[in-house]
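Colleague: Chains as they are written, first to last, in the working numbering: chain X, 1 to 363; chain R, 1 to 363; chain H, 1 to 363; chain S, 1 to 363.
Check each hint, because a few of them may be wrong.
Unchecked claim - For each label pair, taking beta carbons as the anchor points, the in silico distance ranges come out as:
(1) S/Gly116 to H/Gln190: 27 to 37 Å
(2) X/Glu39 to S/Gln85: 23 to 33 Å
(3) R/Gly274 to H/Met320: 23 to 33 Å
(4) X/Glu38 to R/Pro173: 52 to 62 Å
(5) R/Tyr163 to X/Arg330: 35 to 45 Å
(6) R/Pro173 to S/Asp45: 54 to 64 Å
(7) R/Leu169 to X/Arg310: 43 to 53 Å
Read the hints as simulated data drawn from the structure, not as lab findings.
Source: prediction; values computed, not measured.
Think of the CB as a built atom: it goes at the ideal place given N, C-alpha and C, for glycine as much as any other residue.
Number of protein chains: 4
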Amino acid sequence: MSSEFGKLLRVSVFGQSHGRAIGVVMDGLPAGEAIDQEELLAFLDRRKPGKSPLSTARKEADLPVFLSGLENGVTCGSPLCAVIQNGDQHSGDYKALEQKPRPGHADYTAYVKWSGQADMRGGGHFSGRLTAPLCVAGGIAKQILARRGVYVGAHLDHIGCLYDQSFPLHPAPELFAAIAAKPFPVIDDQAGERMQAEILRAREARDSLGGAIQCAAIGLPAGLGDPMFDGVENRLAAALFGIPAVKGVEFGAGFSAAKLSGSENNDPFLLKDGAVVTESNHAGGILGGITTGMPLTLRVAIKPTPSIARPQKTVDLGTMEETELTIQGRHDPCIAHRAVPVIEAVTATVLLDLLLEGNHGTF
Amino acid sequence: MSSEFGKLLRVSVFGQSHGRAIGVVMDGLPAGEAIDQEELLAFLDRRKPGKSPLSTARKEADLPVFLSGLENGVTCGSPLCAVIQNGDQHSGDYKALEQKPRPGHADYTAYVKWSGQADMRGGGHFSGRLTAPLCVAGGIAKQILARRGVYVGAHLDHIGCLYDQSFPLHPAPELFAAIAAKPFPVIDDQAGERMQAEILRAREARDSLGGAIQCAAIGLPAGLGDPMFDGVENRLAAALFGIPAVKGVEFGAGFSAAKLSGSENNDPFLLKDGAVVTESNHAGGILGGITTGMPLTLRVAIKPTPSIARPQKTVDLGTMEETELTIQGRHDPCIAHRAVPVIEAVTATVLLDLLLEGNHGTF
Amino acid sequence: MSSEFGKLLRVSVFGQSHGRAIGVVMDGLPAGEAIDQEELLAFLDRRKPGKSPLSTARKEADLPVFLSGLENGVTCGSPLCAVIQNGDQHSGDYKALEQKPRPGHADYTAYVKWSGQADMRGGGHFSGRLTAPLCVAGGIAKQILARRGVYVGAHLDHIGCLYDQSFPLHPAPELFAAIAAKPFPVIDDQAGERMQAEILRAREARDSLGGAIQCAAIGLPAGLGDPMFDGVENRLAAALFGIPAVKGVEFGAGFSAAKLSGSENNDPFLLKDGAVVTESNHAGGILGGITTGMPLTLRVAIKPTPSIARPQKTVDLGTMEETELTIQGRHDPCIAHRAVPVIEAVTATVLLDLLLEGNHGTF
Amino acid sequence: MSSEFGKLLRVSVFGQSHGRAIGVVMDGLPAGEAIDQEELLAFLDRRKPGKSPLSTARKEADLPVFLSGLENGVTCGSPLCAVIQNGDQHSGDYKALEQKPRPGHADYTAYVKWSGQADMRGGGHFSGRLTAPLCVAGGIAKQILARRGVYVGAHLDHIGCLYDQSFPLHPAPELFAAIAAKPFPVIDDQAGERMQAEILRAREARDSLGGAIQCAAIGLPAGLGDPMFDGVENRLAAALFGIPAVKGVEFGAGFSAAKLSGSENNDPFLLKDGAVVTESNHAGGILGGITTGMPLTLRVAIKPTPSIARPQKTVDLGTMEETELTIQGRHDPCIAHRAVPVIEAVTATVLLDLLLEGNHGTF
C-alpha cells in the first residue's frame with residue numbers, strides 16, 4: 001500500500017512521470033459535495049511548472065479528467081478517480097541515465113528494490129509530477145473543508161537563510177488567499193524577491209536550493225485525533241513524508257522547542273469570547289496528538305532539487321565502475337515554492353479524513 | 001487504533017500512569033528468538049527515572065512480566081504480552097488539577113475528547129511512563145536485529161544551544177554500546193557535562209528544557225521500504241510522533257537540507273569493497289522512501305517538560321474562569337536524555353517490521 | 001496483525017492455552033461507559049466448560065482482571081486490557097503429541113509456519129480457550145450496544161440434522177435473554193434435548209459433532225457499512241472466521257438463497273409505522289454491504305471437535321514416518337453450543353465498531 | 001476504504017455502472033512480470049454478458065487500457081491502473097426507479113447512506129459491472145501465480161438443486177483450463193445442460209435463480225497465513241463478500257462439516273512422496289488459518305439476480321407511500337455462472353497477496 005494514505009478517506013496515487021497517465025483515487029469522500037472546477041484548476045495552477053524562469057520549461061496541461069465519483073460536478077459517494085494524461089515528455093533525456101543513478105534521486109534504491117525493472121524515466125513513480133494528482137485530491141479536500149469553515153494555507157518559510165515572516169497567531173483565510181494569489185508564495189514580498197534572486201543565482205551556478213514551508217489550518221474543532229500512534233501529528237507526518245524531497249516535519253515550535261525552556265514553550269490557557277484558547281501556540285494546535293482548537297501549524301523541509309547541471313560522481317550499475325554523469329534536460333533550480341500548494345493539499349486531505357472520523361471519544 | 005503501530009509486526013501499548021499496570025502486546029514477532037532478560041533489563045534501566053538529580057525521584061521497578069509469547073525465554077510466534085505493574089503513585093498530587101488543565105500537557109485535549117471522563121491521573125495514557133512498555137518492545141526488537149547485524153543507537157544531540165558531536169559517517173556498534181553505558185547519553189562527555197549543568201540551572205529556576213536526539217541504524221540492506229506513503233521515513237515518523245513530547249522528526253540533513261545547495265546535499269555514489277555506497281549521507285540512508293544501505297540517521301525534537309514548578313495561567317473548566325495553577329509533585333527538568341533509549345526502541349521496532357516484510361519488489 | 005480485528009475499535013487477543021495468562025486489549029472504546037461486572041461474568045459463564053457432561057471437565061475460573069482502561073468500573077477512553085490467568089493445565093497430556101500433529105488441529109500448520117518453535121501445548125494460541133478474552137471484549141461491547149437499543153443474540157441452529165427453530169422475522173431482546181439463560185442455548189427446548197442426546201451418543205462413540213449457530217442483531221440503524229470490501233458482511237466474516245473451528249459464514253438466507261428464485265428471495269419494501277421495512281428478510285438486514293435497518297442475521301458453521309478419543313492416522317514429524325495417535329486428555333464432544341456466546345461476542349464487537357464509525361456517507 | 005482490499009498487494013476498484021469509466025488500481029505488484037494481454041482478454045471474456053440467451057443483451061467491449069504500472073507489457077513495480085470505458089448504457093431505463101428502491105438491490109441502503117445523492121444509475125458502484133475491473137486484477141494475479149505453479153479454478157457448483165460434480169481431491173490445472181474453455185462453466189456438461197434449461201425456465205417465468213460456486217487453488221505451499229483474524233479464511237472471506245450478490249462463504253466441508261462427526265471430518269495425515277499430505281481434505285487446505293499444502297477449496301453462495309421482470313412491492317421514497325415497480329431493461333436470469341471467473345479473480349488476488357507476504361513465522 002505504498003502509494004496510499006488515509007483511514008476513512010483513502011487516497012491512492014498512481015502513474016509514472018513518462019507513462020501514459022497519472023491519477024488519483026479518493027475512496028470515502030462524502031456524497032453531495034459540489035466541486036468548483038475553476039477553483040480546482042486555479043489551485044492546480046499553483047504547482048504548475050513553466051510559469052517563470054524559476055521553474056522548468058516543461059509545459060503540462062494537467063487537466064484532470066474525472067472517470068468516476070463526480071457526476072455533474074457533485075461527489076456521489078463512490079470512489080472518485082481523476083486522471084491526468086502525460087504529454088510533453090522527453091524520455092530521450094533520461095535514456096543514458098538508466099544505469100547511472102543520479103545522486104539524490106531514487107534511481108539507485110529503485111534499481112535495488114525492483115531489480116532494475118522499474119520504469120524510472122523522468123523519475124518514474126518518484127517524480128515530482130506525481131504531486132499533480134495529490135493536488136487534485138487536496139484541491140477537492142480544501143473545497144469541502146472551506147464549506148465547514150476549515151481553511152488551509154501555506155507559504156515559503158525560508159530558502160537557505162532567507163526567511164519570510166511566519167504566520168501570525170491567528171492567520172485569517174484572507175491571508176491564505178492573498179498568498180495563493182501571488183506568483184511567489186510568501187507573506188513578505190520583499191523577502192520573496194530576495195529568495196527569487198537567490199534561486200536565479202543558484203540556477204546560474206548550475207546548482208539548486210532547498211527550502212522550508214510553513215502550513216497552517218484554521219477552524220478545526222478541539223478534540224480531533226488520538227493519543228500515541230494515531231494522532232494528528234502521526235497522520236500528517238506519515239502523509240507529508242510521502243511528498244518527494246520532504247526530509248523533515250515539525251509541528252508548532254518543532255525543533256525550536258528544543259531550544260526553549262518550559263516556561264517559554266508552554267502555551268498558557270485563556271478564555272476568549274467564552275472559549276478556551278492559548279495565549280501562544282508553540283504546540284501548533286496539537287497536544288497529546290489531539291487538536292486544541294488553536295490553529296494547526298507545521299513546517300516541512302524540502303531538500304534542494306537533486307537534478308543539477310554539474311558533473312556528479314556516480315557508479316555505472318552495468319559495469320560496476322565509478323563514473324561521472326551530467327544531467328541534461330530541464331530542471332527547477334528550486335522546487336520549494338512549487339511545493340507550497342502540495343503541502344496544503346496533503347494537509348487538507350489528512351484533515352478532511354480526521355474531520356470525517358470526528359471525535360468518537362464518547363458515544 | 002490509537003495506541004498501535006506496525007504492519008507485519010504490530011505493537012499495541014496500554015495502560016495509564018496511575019492505573020493498575022501498563023504493558024505492550026507485540027503481534028507478529030518471529031518464533032525462535034531467544035530474549036536475554038538481563039540485556040533487556042539493562043536497556044530498560046536506561047530510561048528509568050530516579051537515578052540522578054536530573055530526574056524525578058519517583059522510583060519504578062519496571063520489571064516486565066511476560067504473560068504470553070515468550071516461553072523459556074524464547075519467542076513462540078504468538079502475540080507477546082508484557083506487563084509492568086504500577087506502584088509508587090501519588091495520585092493525590094494530581095487531584096486538584098483535574099479541572100485545571102496544565103499548559104503543555106494533554107489535559108485539556110483529553111478533557112474535550114473524552115468529555116471529562118478520561119483517567120488523567122499522572123497524565124493517564126499520555127504519561128511518559130507509557131514509554132516503559134515501548135522500551136520493552138524496542139529492547140526485544142534490538143536483540144533480534146543485532147542477531148542479523150542491524151544495530152540501532154542514539155545520543156542526545158543537543159539541549160538548548162549546547163551540542164554533542166554528531167554520529168560519524170559510519171557509526172560502529174561499539175560507539176552505540178559506549179553511549180548506552182554512560183549515565184548521560186552523549187558522545188562527547190564534556191558537552192554532556194555542560195548540558196547537565198544547564199539542566200540543573202533550569203531545575204533551580206523551576207523551569208525545564210527541551211532537546212533533540214540523533215538516532216542511527218547500521219547494517220540495513222538497501223531496498224527496504226516503499227515509495228510515497230509507506231516508505232521508511234513515513235513509517236518511522238508516524239511511530240516516532242507517538243512518543244510523548246516529540247514535536248519534530250527529520251532524516252539525514254533534514255531541516256539543514258533547506259540551507260544547502262544541491263551540489264552540497266547530493267550524496268555522490270562510490271564503490272567501496274565492490275559495493276555501492278555514498279560519499280556523504282545527507283539523505284540519512286533513505287532515497288525515495290527506500291533504504292540505500294548507508295546508515296539510517298534521524299533526529300527528533302523533544303519539547304521541554306511541560307510540568308514546571310512555577311505558577312502558570314490556566315482556565316478552570318468547571319467554573320470557566322481564568323485562574324492560575326502551580327504544579328506540585330516531582331518532575332524531570334528535562335526528559336530529552338531519558339528519551340534517548342525510547343527513540344532507539346521505536347526506531348528498532350519499526351526497522352524490525354520493515355525487515356520482516358523484506359523486499360518484495362520482485363517475486 | 002494476526003490476532004487483531006476492527007477499524008476504530010481494535011481488539012487484540014493474546015495468550016496460549018497453557019501459558020501464564022490470556023487476555024485482550026480493546027483500543028478505541030468510548031469513555032464513560034459503565035461496565036456491569038456481574039453481567040459480564042454471567043456472559044462469560046455461558047462459554048465456560050465443566051458445567052455438564054457435554055463439556056470438558058477442565059475447570060476455568062476465567063475471572064478477568066482489568067489492568068487498564070476501566071477505572072471504578074467505567075471506561076476511561078484509553079486502551080482496556082483484561083487478563084485471565086491460566087491455571088488448571090495438564091500439559092503432560094500434550095507432551096507426546098508435539099511431533100505428531102493431531103488431525104483437524106493446527107498442530108501441523110503451526111509446525112510448518114514457526115519451524116517447530118510454537119508453543120502448542122493445549123493448542124497454544126489456536127486453543128478454544130482464546131475465546132474467553134474474546135467474550136470479555138464482546139461482553140463489554142454488548143453492554144455498550146444495549147444502552148443504545150442494539151441487542152445481539154444467538155442460538156444453536158442445528159447439530160447434525162437436528163434443527164432448532166430459526167429466529168422470527170423480528171426477534172425481541174427478551175428472546176435473546178431467554179436463550180442466554182438456558183443451560184443449552186436453543187429456542188425450542190425439545191429440539192435441544194434431542195441435540196444433547198446426540199452429543200452424548202457421540203461422546204460414547206468416542207467421537208464428536210459439529211453444528212451451526214444463528215446470530216441476530218436488532219436495533220441497528222439503516223445506512224451503516226460500505227460497499228464492496230468494507231461492508232458489514234466483509235467485516236463480520238473476517239472476524240467470525242477468526243473463531244476456532246468456524247468453517248462457514250452466511251448472511252440472511254445465505255447458501256439457501258442459491259436455491260431460491262429471485263421472486264422468493266427479494267424482500268419487498270413496505271411501510272411500517274412510517275418507516276421503510278421489508279416484508280421478509282432474506283437479505284439478513286444487509287444490502288450492498290450496508291444495513292437496511294431490519295434485523296441482521298447470520299449463520300456460522302462449526303466443525304466437529306477435532307480431538308476425539310479414537311486412534312487416528314498421523315505422521316511423526318521427527319522421524320517422518322506414518323504412525324497413529326490417540327488423543328488423551330479431556331475434550332468436548334461438541335463445542336458448537338459453547339460457541340454460541342462467542343459468536344455473539346465477535347458479532348457485537350464488530351457492530352460496536354461500525355456504530356462508532358457511524359454513517360459518514362454525507363458530511 | 002470501502003472499495004479496497006489486500007495487505008501488501010492493495011486492490012482498489014472505482015467506477016459506477018453508467019459513469020464515464022470503471023477501473024482498478026493494484027498497488028504492490030512485483031516488478032518484472034510479463035502480462036499476456038491475449039490471455040487476460042480471454043479471461044475477461046469469461047464474465048462478459050451478451051454471449052448467450054442466458055445473459056443480458058448488453059454488449060461490453062471491456063477492453064482495459066493500462067494507464068500506469070505496465071510498460072511494454074511488463075509490470076514495473078509502481079501502481080498499475082487499468083481503465084475500462086463505459087459505453088452502451090441506457091440510463092433512461094433506470095430514471096423512473098430513482099425514488100423507488102428495487103427489492104434485493106442496494107438502492108435503498110445507498111439512498112440512506114448517501115442521503116439520496118449517490119449515482120445509482122444501473123446500480124452505480126454496486127453494479128455487477130464492477131466485477132470487470134476485479135477480473136482485470138484477478139487475471140493479472142492468475143498469470144503471476146501460474147508462473148509459480150499456483151493455479152486457481154472454479155466451476156458452478158449448483159443452481160437450485162441441480163448439482164455439478166465437485167472438484168476431485170487433487171484437481172489438475174488441466175481441469176481448470178477445460179472448465180474455463182466451456183461456454184457454461186461446469187465439470188459435468190450434462191448437469192450443465194440441466195442447469196441452463198432451468199435458467200431459461202426462470203427467464204420465461206420472468207424470474208431469476210441463484211447458485212453456488214466452488215473454487216480451488218493448487219500449488220500453495222504449507223505455512224501461509226496467520227492464526228485468528230488474519231488467516232487465509234479471514235482474508236478470502238473479507239474479499240469474497242465484496243463481490244455483489246455473495247451471501248455465504250465456506251471453506252472445505254464448510255456448512256456440511258456441521259453434519260459430520262469428528263472421525264469423518266478430520267483429515268488423517270499421510271506421507272506421499274516424502275511430503276505430509278492429508279487423506280481427505282474437509283479442511284479445504286486450511287487449518288488454524290494457515291495453509292496445509294493441500295488444495296484450497298471454498299464455496300460461495302450467489303443470490304438470485306434481484307432484477308426480475310415481475311411487479312414488485314416497494315416504497316416511493318419521495319412520497320413515502322407504498323407502491324409497485326416493474327423493472328424494465330435487460331437483466332440476467334442468473335449471474336452465478338458469470339460470477340465463476342470473478343470468484344477465481346478475487347481468490348487469486350488474495351492468494352498472490354499471501355504469497356508476496358510469504359511465511360515470516362521465523363526470521
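Colleague: Decide, hint by hint, whether the structure agrees.
Modeller: Results for each hint:
Restraint check, S/Gly116 to H/Gln190: a C-beta distance of roughly 49 Å breaks the suggested window 27 to 37 Å. Between X/Glu39 and S/Gln85 the beta carbon distance is about 28 Å. The supplied range of 23 to 33 Å therefore holds. Distance hint check for R/Gly274 and H/Met320: the Cβ-Cβ separation is about 42 Å, which falls outside the suggested range of 23 to 33 Å. In this structure the hint that X/Glu38 and R/Pro173 lie 52 to 62 Å apart at CB holds, the actual value being about 59 Å.
In this structure, R/Tyr163 and X/Arg330 meet the distance hint of 35 to 45 Å, their C-beta atoms being roughly 40 Å apart. Distance hint check: the CB atoms of R/Pro173 and S/Asp45 are about 59 Å apart, consistent with the given range 54 to 64 Å. Range check, R/Leu169 to X/Arg310: Cβ separation about 22 Å, and the 43 to 53 Å hint is violated.
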